[in-house]
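Numbering (the UniProt record's numbering), first residue to last: 1 to 177.
It is possible that some hints are incorrect.
The calculated label-pair distances, taken between Cβ atoms and stated as ranges, are [as the list claims (entries may be wrong)]:
id: 1; residue 1: G123; residue 2: L163; range: 37 to 45 Å
id: 2; residue 1: L43; residue 2: G162; range: 25 to 33 Å
id: 3; residue 1: L43; residue 2: D148; range: 45 to 53 Å
Calculated directly from the structure, the hints in this document are not laboratory data.
Quick reminder that beta carbons are idealized off the backbone N, C-alpha and C, glycines included.
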Amino acid sequence: MLRSLAGRDGTPATPGLIRGRAARLLLDDGRLAEDEAARLMGLALSPGTQPPEAASWIEGFIGGGAGGGMLLVHDERLLGLVDRWLTSVPAEAFTDVLPLLRRTFSAYDTGVRRTLGELVRRGPAAGGPTGGQGAPAAPGFGPGLDPDRAAAVVPTVRLLLGLDPAPHANDTMEAAR
């Protein structure tokens with residue numbers, strides 16, 4: 001059903017907001033390849049699409065309000081997809097696209113817009129996925145997981161969650177006092 005909704009041609013029966021969200025859900029679930037998502041984005045945001053419909057599609061795809069901005073901040077794949085589409089827009093069509101993007105991005109908090117600007121200026125992160133031992137770090141984080149530092153917070157997290165304290169939690173709490 002999502003694939004059917006995402007692929008619609010913008011008929012009044014399927015608003016852009018729903019088509020954009022369907023495409024994003026498929027992309028997130030791995031059921032839509034990035035190049036296909038890029039193709040759908042290009043079609044939805046082409047100069048032939050009515051501006052309100054195109055703005056609605058991009059809002060559905062990346063989410064409206066501050067939530068969508070945070071999604072772009074934390075999902076470099078999605079930010080890269082939007083960035084690649086935007087840089088592929090011909091110069092003569094750019095002025096037609098700008099109001100659509102301004103409408104969506106203006107809903108983001110100032111800090112989110114600033115962070116997005118910094119991410120775009122920096123460019124794509126070097127390396128692939130983040131997080132494993134020895135894996136490249138996410139921007140602003142150390143290289144991989146540090147098991148000693150992760151283990152150090154376990155007593156505090158257990159205490160905050162109301163779980164039985166770990167055997168050395170009392171020692172940790174006494175030291176903190």
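Now the hints, each set against the structure:
no.	hint	result
1	G123 - L163: 37 to 45 Å	holds (43 Å)
2	L43 - G162: 25 to 33 Å	violated (51 Å)
3	L43 - D148: 45 to 53 Å	holds (50 Å)
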